[in-house]
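Visitor: Could you build the full structure based on these sequences and the hints that come with them?
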Amino acid sequence: MSRTNKGPKILGEFDFSNLRLHEQQKVINAVRKGATRRDIMTWMMAAGASATTGGAIFSSASAAWANTPKRGGRLVCAGDQHGPADTLDPILCTASVDYWRGRMFYGKLVRLKDDLSWEPELAEEVLVNADATKWTFKIRKDVEFHNGKTLNADDVVYTLKRHLGADTKSIGKSQMDMVSEVKKINEHEVEVNLATPNADLVNSLGTFHFNVIQDGVTDFSTAIGTGPYRCKEFKPGVRTVGTPFENCWHGPGYMDEMEHFGIGDPVSRLNAFLAGDVDMMTNLPGKAVKQVEAAAGKDVWSIESGRYTSIVCHQGVSPSNNRDLVRAMQLCMDRTRIVKGELKGLGSVGNDQPINKAYFDYSPDIPQRPLDLDKAKYHFEKSGIGSTAIPIIAAEVSQAATFQCLALQREAKKIGMNIDVQKVTTDGYWGAVWMQGSPFNVTTWNMRPTANIMMTLAYKGDSNWNETFWQSDKFDKGLVDVRGVTDAAKRKQMYHDLQMDIHENGGSITPAHLNYTDGVASNVKGLTHVPLNNWGGAEAPPFIWKDA
Amino acid sequence: MFPILIKKIGAGLLTTLGVSIVIFVGTNLLPGDAAQIRLGQASTEDSLRALREELGLNLPLYQQYFRWLFNFVQGDFGTSLASGNVTIAQLISDRYENTLIVSSLTAMIGVPISVGLGIIAAMFPGTLYDRILTLGSVTLVAAPEFFTATLMVLFVVFFLGIGNAVVVGSIEDKNLVELITHFILPITTLCLVIAAQLIRMTRAAVLNVMSSPYIEMAILKGIPRRRVVMRHALLNAIGPIVNVVAINLAYVVTGVIVIEVYFGYSGLATLIVQGVQTRDYILIQTLGMIFCATYVILMMIADLSSILSNPRLRHPK
Numbered sequence: 086m087s088r089t090n091k092g093p094k095i096l097g098e099f100d101f102s103n104l105r106l107h108e109q110q111k112v113i114n115a116v117r118k119g120a121t122r123r124d125i126m127t128w129m130m131a132a133g134a135s136a137t138t139g140g141a142i143f144s145s146a147s148a149a150w151a152n153t154p155k156r157g158g159r160l161v162c163a164g165d166q167h168g169p170a171d172t173l174d175p176i177l178c179t180a181s182v183d184y185w186r187g188r189m190f191y192g193k194l195v196r197l198k199d200d201l202s203w204e205p206e207l208a209e210e211v212l213v214n215a216d217a218t219k220w221t222f223k224i225r226k227d228v229e230f231h232n233g234k235t236l237n238a239d240d241v242v243y244t245l246k247r248h249l250g251a252d253t254k255s256i257g258k259s260q261m262d263m264v265s266e267v268k269k270i271n272e273h274e275v276e277v278n279l280a281t282p283n284a285d286l287v288n289s290l291g292t293f294h295f296n297v298i299q300d301g302v303t304d305f306s307t308a309i310g311t312g313p314y315r316c317k318e319f320k321p322g323v324r325t326v327g328t329p330f331e332n333c334w335h336g337p338g339y340m341d342e343m344e345h346f347g348i349g350d351p352v353s354r355l356n357a358f359l360a361g362d363v364d365m366m367t368n369l370p371g372k373a374v375k376q377v378e379a380a381a382g383k384d385v386w387s388i389e390s391g392r393y394t395s396i397v398c399h400q401g402v403s404p405s406n407n408r409d410l411v412r413a414m415q416l417c418m419d420r421t422r423i424v425k426g427e428l429k430g431l432g433s434v435g436n437d438q439p440i441n442k443a444y445f446d447y448s449p450d451i452p453q454r455p456l457d458l459d460k461a462k463y464h465f466e467k468s469g470i471g472s473t474a475i476p477i478i479a480a481e482v483s484q485a486a487t488f489q490c491l492a493l494q495r496e497a498k499k500i501g502m503n504i505d506v507q508k509v510t511t512d513g514y515w516g517a518v519w520m521q522g523s524p525f526n527v528t529t530w531n532m533r534p535t536a537n538i539m540m541t542l543a544y545k546g547d548s549n550w551n552e553t554f555w556q557s558d559k560f561d562k563g564l565v566d567v568r569g570v571t572d573a574a575k576r577k578q579m580y581h582d583l584q585m586d587i588h589e590n591g592g593s594i595t596p597a598h599l600n601y602t603d604g605v606a607s608n609v610k611g612l613t614h615v616p617l618n619n620w621g622g623a624e625a626p627p628f629i630w631k632d633a
Numbered sequence: 004m005f006p007i008l009i010k011k012i013g014a015g016l017l018t019t020l021g022v023s024i025v026i027f028v029g030t031n032l033l034p035g036d037a038a039q040i041r042l043g044q045a046s047t048e049d050s051l052r053a054l055r056e057e058l059g060l061n062l063p064l065y066q067q068y069f070r071w072l073f074n075f076v077q078g079d080f081g082t083s084l085a086s087g088n089v090t091i092a093q094l095i096s097d098r099y100e101n102t103l104i105v106s107s108l109t110a111m112i113g114v115p116i117s118v119g120l121g122i123i124a125a126m127f128p129g130t131l132y133d134r135i136l137t138l139g140s141v142t143l144v145a146a147p148e149f150f151t152a153t154l155m156v157l158f159v160v161f162f163l164g165i166g167n168a169v170v171v172g173s174i175e176d177k178n179l180v181e182l183i184t185h186f187i188l189p190i191t192t193l194c195l196v197i198a199a200q201l202i203r204m205t206r207a208a209v210l211n212v213m214s215s216p217y218i219e220m221a222i223l224k225g226i227p228r229r230r231v232v233m234r235h236a237l238l239n240a241i242g243p244i245v246n247v248v249a250i251n252l253a254y255v256v257t258g259v260i261v262i263e264v265y266f267g268y269s270g271l272a273t274l275i276v277q278g279v280q281t282r283d284y285i286l287i288q289t290l291g292m293i294f295c296a297t298y299v300i301l302m303m304i305a306d307l308s309s310i311l312s313n314p315r316l317r318h319p320k
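Chains as they are written, first to last, in the numbering used here: chain X, 86 to 633; chain A, 4 to 320.
Think of the hints as simulated: they come from the structure by calculation, not from any bench.
The hints are all genuine.
Label pairs and their computed distance ranges (CB to CB): (1) A:Phe-73 / X:Asn-332: 43 to 49 Å; (2) X:Gly-401 / A:Val-141: 55 to 61 Å; (3) A:Gly-43 / X:Gly-401: 21 to 27 Å.
Covered by chain X, per the in silico footprint, the following chain A stretches (three or more residues, Cβ under 8 Å): (4) 29-39; (5) 94-108; (6) 264-275; (7) 281-295.
Positions of the beta carbon are idealized from the N, C-alpha and C atoms, including for glycine.
Guide: See the structure below:
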């Protein structure tokens, strides 16, 4: 697509393709999420377009979305870092390359949609009792595995039980902690009993680690799943190739062949994408967005997400437990600069709490914390720290992770705060630095399917990953109580209070939420926009297809 | 001759053993272990303990080392700690072909051309041809390989619009010409990198011999210059040339991480770096041994050929 000049527009002549690509993506996103013609028109008119224009955009966006899939062709997908640790074992998946591969070959009980609601997949019906302590999954009857076996309750029980017990290696273990029992009721019905209520359990089961495998499988050198592609080749750190599985219950994958591998170096990945060697690439560098938008036949695939980067202030040690110091640092954070400068606009401003508008339970009523050096100075003087150096351990664990520290250092200097940014390697960071007692260090979190899961993981007093070591009985109680609340207004208020609590009293300096920004060739269609990971939350393999 | 060979092999084995200990100690000095890296941000005390027990990381270090050594000498390379269920042999067999093809093609194309150019430069020192070649090779020596690679991609792929910016696709069922096309950019880049050194060293080695009295004698006797170089000087210069060739070939097998990363194909050099990132000491040890053996063998060949080409070394007093 050529870039067109954005002069005054003539009524009726506006073309959807005149929008910048990420704006197109935004509109399509909105349409997919159920925005009406009126919504789009309001949105466009607010942005300065005419009424006719808004309507035209809605039509072309709907057309873009409603394109009929074609079969055939070869899709080459380039992820980022891959290596010997690549796995086909759902409980061990840790990276976006694993997630994508998992979705090619496996199915899940439920599927997460773009707005993070779920729809049944291998479970045709999901039932829950009034206090969310007993879940019943009715398993679809006509589902076949790649080796011809029919899916039944034993497979599901085996899959779920692998996450339970003290000695499980599962990455998704914490999301199943409250499960006391998984039992088979009959050939096609599984019951899950919980020790404490959890209305979010089904959302968890729609995430990457809960791909359904066959009963008794321990060898993951290949993948025997129910997904739209069969595993033709799997060489860890070299490549994975999938071919359509003819008997897939929802129809075989559209591509004749899907090849997937990693190119660790971002520049090489971008070269390969621009040269047309690969159809899609993960993690487009911010600097390259304009270049990709300008290139013919290449699109930016960007999704606003709740993932974030932040600076952790350990609430159990000095000086990071000095509330005035934390507040002063929060007020010194130049958030807009990080989003506009470092993220090139592909992110959103953070508000020192983990939930942003990508989450269903986000509260918009929390005032945005600004860059306010006067107030910061007041709190800094009250803290009594003086010119003592404040060490922040930084590693580039995500985009802007180091930059946020440097941005803070720069502003803090103006009020006499002496911040010492200590850069370390990302290699081994999570074991050697994170949660090892340092007062200040950087962190990053991927988005979780619900606000409750996110806040429970990173802020609940007894969580293994309570990185700020923040202890608040009131917060913990609210977090557990809200899981059983079904009244919408009450639930909204409770979620507001929880987010406000972290914003006011927590130990995080969260300047920015990061979009997932990938590159995709314009002729690749059927993209998903689930904000949980790269490439549309790795939910696209069943839908993705390629126009000639 | 035979006792020298035995001595060399013995020394090679001892070196390899020493290297294995150094690598093992080095790997264990790095922060974190394979279990911690694998679980990353999601680790808990329980899951860490479970994984460590499964991988045998709870054993004392010397036991881990001897367990590895014991299996290794029996030909059992073990299972990757980073994945837990893929064997090292599998990981290596998925990649050694790429490394082998790229390095042997580079050797086949790069070495004869560079040595030839070096000899020609030595035949006509000080001429325009010599000066251009010297300038070119000095420039290439100074340019880091990622820079050369970037220029290649920029020129060939984006300017001329031919070929791929990364190596994509499988190498199965390809003949020699197809393989060269498949790896054309990495091979060209590597040829340029080794050519720079080889040309300069060959030229220097030959010129060095050319200044010795017996060559002067030959010239005075009226033997044509070409014959002086090819017949009298070159044989005596073979020792140093073979040494440089051996070092460069060892580098092409083991040290091409930048090329592999830049052109996005998986080879052994990338594998050992991934091994270090995941603290997979079993993988690192095995690859370390392969690399060490490559060096030792190539060096041995270089030593033997310089002995064979030099009568004074062939018949020591």
